[in-house]
Each structure stands twice: as structure tokens, then as C-alpha cells.
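Enquirer: With the hints as your guide, set chain B onto chain A.
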Amino acid sequence: MACRCTALDFARANARGIDVSEEPQYEVVWPLGRSTTRAVAPNTRGADPQRLKVGFVWDYLFKGDQMFATIGQALRHRFPGVELVDYSAFGNIHGHDERAVVAALPERLRSEGVDAVIVGVGA
Amino acid sequence: MRACSVAERAGVSSYAIVSTGFLKQARAIARAVGISSAWIAEYPGVVPNDSAEVVERKVLEHVLPSLLQGFATPAEALQEVAEPGPSDVVFKGALDEVQEHFTERLWTDGLPIVPPTQNRVEAFLRWTDRDALEVIGVLPPEQREATVWNVAVNGVMAGCRPEYFPILLAAVEAIADPEFRLEDAGATPGWEPLIILSGPLSKRLHFNSEGGALRIGRQANSSIGRFLRLYMRNVAGLRTPPGDTDKAAIGMNFNVVLAENEDAVTRIGWPPFRVDRGFSMADDVVTVQSVVAISPHIYSGGSSALEHIEPIVRFMEGVMGPVSPVAITYRRSHPLIVMSPSVAQAFADGGWDKDAIRSYLFEHLTIDAGWVERYPLHASGASTSLATMVRERGLPAHYAESDDPRRRLPILIRPEWTSIVLAGEPGRNQCRVYVQQHEQGAPVSKKVRLAADAEVLRAPAVQEPEASTEATPTLHR
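The listed protein sequences correspond, in order, to chains A and B. The first sequence lines up with residues 1 to 123 when you count with the numbering used here. The second sequence lines up with residues 1 to 477 when you count with the numbering used here.
Hints were generated in silico from the structure; no laboratory data involved. A couple of the hints might just be wrong.
[What the hints assert, rightly or not] To give an idea of the interface, some chain A residues facing chain B are shown, with a C-beta separation under 7 Å as derived from the structure:
hint: 1; residue: V29
hint: 2; residue: W30
hint: 3; residue: T70
hint: 4; residue: G72
hint: 5; residue: L105
hint: 6; residue: A116
hint: 7; residue: G122
Virtual Cβ for every residue (Gly too), placed ideally from N, Cα, C.
This is chain A alone, in the form it adopts within the complex (with noise of 0.2 Å):
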């Protein structure tokens, strides 16, 4: 019969087979660091996509041209009243200007006007 045994499985095993009752007892500390991350709100979703203004946000990699354009043509033939503002706007987040790029961008998606943005590609 095949095991299905995981390596954790084999290390509860063996300890349990080792008698530790005679050995050091060690009160650890933890590795980690303090989380500094703070919940974002969320924003609010569920608009009719007729009246939204979408931006399109590319990191110029993984085809990312091809996706947006299949996707804003689809959704101006789904939804005639939806304005598409195209990645050119907002520029490369991924190039050698990343950091600055990135940190433009809420002042570019105000700009524009932007309701909701889609980003890629990640892979």
C-alpha cells in the first residue's frame, strides 16, 4: 500500500519515539518581527460597469498589451457607456523607474479620474 505519509508525519513519529523526559527543556523565543501592516478599508465595488472609468496598469511584461486590449474591447461591447483610460498613462511600474512610477500613481489615477484599475500582468 502506498504511504501517504508526509515528512511532518515521519518527525511526529520519530519524536515519539525518542524519550525526551530526561533531556533539556527550552522556553523559546519568537523569530519573527512585528507586523506593521494596517488593514486598508475597502473600497467600494459593485458600481454599474456602464458608468465606470477604468485604468489599465501594466508592468510591460507577460503580454500584458494583448490582455488589455481583449479586455477593453469586450467590456466597451458589454457595457457602450464605460470610459478606458489605457496603461500609457500611467507608465511602466515594473521598469527602472519603478519606485517613482508607483508612488505617481495615486496623483495619475485622480487625475484621470479612475474608478477602478486593473493591474498586470504577475507571473
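Expert: Same frame as chain A, but now just chain B:
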């Protein structure tokens, strides 16, 4: 996800397109930056392998429907989780039980760890004047605080000696520096950081800078090298599977510390590496940089500098050339040559110093333009002409002065960005080239700060012992 985080904080709903193999990483990073509400639409498969027709079909059949669902789905708030305090005891048990506890929580690197008890951590803290709770930085991707305390905790775990602590702190300062770009350390190239130590501490703490300089074996080199990768796992949060955040496709093992051969560089009359990096002779300096590839062993012979440079050029062009398109795109490249003292002596005898070597390499390392244009197809799914890169992506104009694919372009970006460190077997004429990953893991140097009363670390180094079965004596404080 960084762009999504920025958009969400600006009040704009974000929707990310992520391919299948990167979904877990994307969700983990979204949690880490506080935007678990970001919608992630899956692109099924591997993008660079899909034709234009397949991409269109997958976008219409999978990505678009997911995006439309996201538009209509209310976002949920992130649930925050309580975590221990820095010096809280999180577990009590025997040695094997500690190993299991840490392994289950992905707090180890797969090797046994030294249990980080409070007294062991405090033994490290005696080697610094800094407050244990001092925050050195906040490390991506998990956005956790790097503190003097948790550097000591992980130093204990890695098997470091307490007297190594100032070096550990300098190494963490380096990776916490924004110039290092730690946020890119989980990318698919799978580069590995390398610590380079230059200064008098190297001999005082018995680092190996001679034969087998970059092989595991000497406690100082090995344990500190292990420490840095362990720290990146635990505090930066970069974990390979079953973790989510380190997407190295194949990856590399941790590098032991490269310790410069101080005696050799002094004897030859070249400036030591720390002086190259802008520090003084009296300083101890830790430099951390990425390594994404290592050349084969490079033998060079002959009695002239030109004879010795030829194999270095050939091997360096061979190992750097294929990935040079990315370095050219990002306009960063910091290769490192680890050079045996005997090779350095040959250059010096021929009247060449480090700058002469750097200049020659800058002039002679080239790659054909056609490869620079074709390689992006393999790395990211689409080839790109140099003319487009000049016009749309800020590449300097001279890269597109001709459209001849056979024309040769320089591989190196700036001559002064090539590092040369003397180490390795002095009795052998060998070098190796360590290829650095452009702007990711750019070299960052930090001075090692010793405690005011750490006289034992300022005392002249004792003569290196001959091979002995006795353990290296521990320095006590």
C-alpha cells in the same frame, strides 16, 4: 500587488491579473500589504508559452469573467491576527520538539536550529550598544520590523557565535536599505544574497579567505551566510513552498560569507574592497549584493596582464551575455570577480590595477543586439525592439543607432560597477565571476558598528592556527 496597494490606498478599487503559478504569492502579498480586498483574476497557465490566439481565448474565457465577477462582488475587510511580543516565550520543549514546532511554522530553513532561548539571545546583545528594540527597518514582503532583538534571535538559530553579532546587524542594515530592493528577492530568477566582508574583523573572527573561500566549512563564513537566508525567511517573509512568497523557479543555496584576503590585497598594493566602496582602511564593512549566476572556475596563465585578462573576458561574456538584455533594460549591473591573489599579482606585475581591469572589461564585453531584442520573448513573453525601448522605455538613444542585429552592444553598464575581491587559494591561478541581478540586490555597504567596550574585537588578530582538532575558542563578554 504593490501597484494594487497604492491604488486601494488612493481609494480606487483594484483588480490584478495573475497567472496560476503566482496566485498564492499574490494573495500572500496582498495580505501582507493590507489589501486582501484586492480582486485577483487568474490567467490559467504560463503566459510566455502561449500564442497570441491562446492568450486571447484564455482572457475571454477566464480572465474577463473573473474581472466582471470582481466588479460585482463587495470587498471584505482584512481580519487582523494577534501575534506574540518580541521576547515572549512561544514554546517550551526538548530539542526535537523545538525543531518540530519551528518546522511546522516554517520558521526554519530545513536544517536544525539552535533553540533561541532568552539567555542565548542576551549573550548576543552584549556585543552591541544598541537598544534591543531598535527598529532597523521594515522588511518586505511581509512588512515586519527588523529589530536588534530579532537579529539576535535568528543569529542564535543559525548557529552564529555571539561575537559575530555586529556583522549580522550590518548585513540586515544592508538588506533593509531601499537601494537593495529586498521586495524583489522573491522573484523567479531566484537570486541569492552574498555578504562580502572587508576589514580587520575578518582575521580576528577567523573567517576563511583562502582555499575554499566560498565553500561551507568555516563557522564564521558558514553560519553568517546561513543567518541571512534564515532572516529573509523569518522576518522578510520570503518562504519557498509550502510558503507562498518566494517564487524562485529553481533557486540557489545560501552563500557563505566572502571574506577578503586582507594580507594579499595589502601586499599587492591594491586598495581593499571597503576602500573601493568608499570607506576607510580602519573600517570593517559588510556589503550585500545579489548573485544570480556563477561562472565556472576561470584559469588564467602567462606572464602578461593581457594573457590573464583573455580567459576572464571569455568566461565573463559567456556567463553574463545571455542575461545582459535585462541588465541593459534596467541599466544596472554589478558583477563581482573573486580573484585569487596569484592572478592579482600577475596583473599587478604587468602594471594593471583594479581600474585597468575594469576598463578593459567594459570595452571588451559585448553581446549582439539581436539577442537583446529576442531574449524578452523567453523571459516575459514578447520580444522588443531596441528602437521601441529607446522610444518608449527610456533606453539611451545609442542603443538604436542601427538596426543591424549583429552589431555588438556593451554588456557592462559602467566600468566602475565591476567589483574585484581577492580571495581563494593563493597557490592557484583561478577566478570566478558572480553575476548580479541588475537593480535587484544592488550592492549596499554598511560599516560594522562595534560596542564601545568591545576591545577584544579591536585587538590585533592572532596568527591563524594550524589545522587542529581543538575547537576555536569562544570570545567571552
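Enquirer: Take the hints in turn and mark each one as holding or not.
Expert: Do the hints match the structure? See the list:
Evaluation of the A:V29 hint against chain B yields a held restraint, the C-beta minimum of about 5 Å falling below 7 Å. Satisfaction of the interface hint for A:W30 is found here, the shortest Cβ-Cβ separation to chain B being roughly 4 Å, below the 7 Å cut-off. With 7 Å as the threshold, the beta carbon of A:T70 comes within range of chain B, its nearest partner Cβ sitting at about 5 Å, so the hint holds. Because the beta carbon of A:G72 sits about 10 Å from the nearest beta carbon in chain B, more than 7 Å, this interface hint is broken.
Interface hint at A:L105: satisfied, since its Cβ lies 5 Å from the closest Cβ of chain B, which is below the 7 Å cut-off. Satisfaction of the interface hint for A:A116 is found here, the shortest Cβ-Cβ separation to chain B being roughly 5 Å, below the 7 Å cut-off. For A:G122, the interface hint holds, the least distance from its beta-carbon to any beta-carbon of chain B being 4 Å, beneath 7 Å.
When the structure is compared with the earlier hints, a violation turns up for hint 4 alone.
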